[in-house]
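In the order they appear, the protein sequences are chains H and Y.
Position 2 of the first sequence, counting from 1, maps to 2 under this note's numbering, and the rest follow consecutively.
Just add 1000 to the spot in the second sequence (first one is 1) and you have this note's numbering.
Read the hints as simulated data drawn from the structure, not as lab findings.
Given the structure is predicted, the values throughout are model-derived calculations rather than measurements.
Don't take each hint at face value.
To be verified - Short, incomplete list of chain H residues facing chain Y, as computed with Cβ under 10 Å:
(1) Gln-39
(2) Glu-44
(3) Met-45
(4) Tyr-50
(5) Met-89
(6) Phe-104
Claimed, not checked - In the PhoX-like style, the derived pairs of lysine-lysine whose C-alpha atoms are separated by at most 25 Å in a straight line are:
(7) H:Lys-70 <-> H:Lys-96
(8) H:Lys-3 <-> H:Lys-96
(9) H:Lys-96 <-> Y:Lys-1057
(10) H:Lys-96 <-> H:Lys-113
(11) H:Lys-3 <-> H:Lys-73
(12) Y:Lys-1057 <-> H:Lys-3
To be verified - Here are a few chain H residues that sit away from chain Y, every Cβ distance over 12 Å (derived from the structure):
(13) Val-13
(14) Gln-14
(15) Thr-60
(16) Arg-63
(17) Val-78
(18) Cys-92
(19) Arg-109
C-beta atoms are modelled at their ideal positions from N, C-alpha and C, and glycine is treated no differently.
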Amino acid sequence: AQKITQTQPGMFVQEKEAVTLDCTYDTSDPSYGLFWYKQPSSGEMIFLIYQGSYDQQNATEGRYSLNFQKARKSANLVISASQLGDSAMYFCATSKAAGNKLTFGGGTRVLVKP
Amino acid sequence: DTGVSQNPRHKITKRGQNVTFRCDPISEHNRLYWYRQTLGQGPEFLTYFQNEAQLEKSRLLSDRFSAERPKGSFSTLEIQRTEQGDSAMYLCASSLGQDQETQYFGPGTRLLVL
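Make a model of the complete structure from these sequences and hints.
This is the structure in structure tokens:
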């Protein structure tokens, strides 16, 4: 079974600063995907970034980058130049090689202060 | 809007009643997923379809739950004899149909069972 652990239940970050959200995972699958989603108070899950287990380079999408350390089984999300609109819950998730169902962590709440 | 849509967005019902939720995926997406999210937790997988075939069901999906995707397009999730423990956000997601592909989520249906 897959398991995702997000150890930071909540974080404050100053506007325009960078923030790192921790995610560790446990899987026996040789091939897997790692995802980060943002969930604002409205409830919709918004896809942010994806990293495949065999990707050599860390994924980047605009202000989002994923610090992938396969040996440590960690996939931390870095948000640069935080904006007030970044205030939300952030979920790390992993998918199996087959079936693609997602296993989510418990989430980290980020509050950006002006 | 060509994203995933869900109806209704909110549902309040009395214990023992039946409820049905609908999900319309992104039009060319073959896979459709249902997740449940309780307050303060990450989403949990319920079931998924590849076209009209239901390929996997979580043990969370008790006999009171049934999901269909009759023509491989929209899907319905029915809960019979609702219980207070069914109160949650029900999220639908879709993807093109390859492993480790990104799933795109709808806005969710928030269910409250009184």
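Closest CB of chain Y to the CB of Gln-14 (chain H) still more than 12 Å away: With a cut-off of 12 Å, Gln-14 (chain H) remains clear of chain Y, as the shortest Cβ separation is near 25 Å.
Per-residue hint verdict: Glu-44 (chain H), partner chain Y, C-beta under 10 Å: holds (5 Å)
Residue hint Tyr-50 (chain H), partner chain Y, criterion CB-CB below 10 Å: Holds - the Cβ of Tyr-50 (chain H) comes within 10 Å of chain Y, reaching about 6 Å at its closest.
Chain Y versus Arg-63 (chain H) - minimum CB to CB distance exceeding 12 Å, so not interface: holds (18 Å)
Restraint check for Lys-1057 (chain Y) with Lys-3 (chain H), where alpha carbons must lie at most 25 Å apart: holds (18 Å)
Holds or violated: Lys-3 (chain H) to Lys-73 (chain H), with C-alpha atoms at most 25 Å apart: holds (11 Å)
Met-45 (chain H) as chain Y interface residue, shortest Cβ-Cβ below 10 Å: It holds, given that the least Cβ distance between Met-45 (chain H) and chain Y is near 4 Å, below 10 Å.
Restraint check for Lys-3 (chain H) with Lys-96 (chain H), where alpha carbons must lie at most 25 Å apart: holds (11 Å)
Beyond 12 Å from every chain Y Cβ - status for Arg-109 (chain H): Non-interface label on Arg-109 (chain H) violated, nearest chain Y Cβ at 10 Å vs cutoff 12 Å.
Interface hint for Gln-39 (chain H), Cβ within 10 Å of any Cβ on chain Y: holds (9 Å)
Separation of Cys-92 (chain H) from chain Y, once the least beta-carbon distance is taken, above 12 Å: violated (9 Å)
No chain Y beta carbon within 12 Å of Thr-60 (chain H)'s: holds (15 Å)
The structure fails to meet hints 10, 18 and 19 from the earlier list, while all remaining hints are met.
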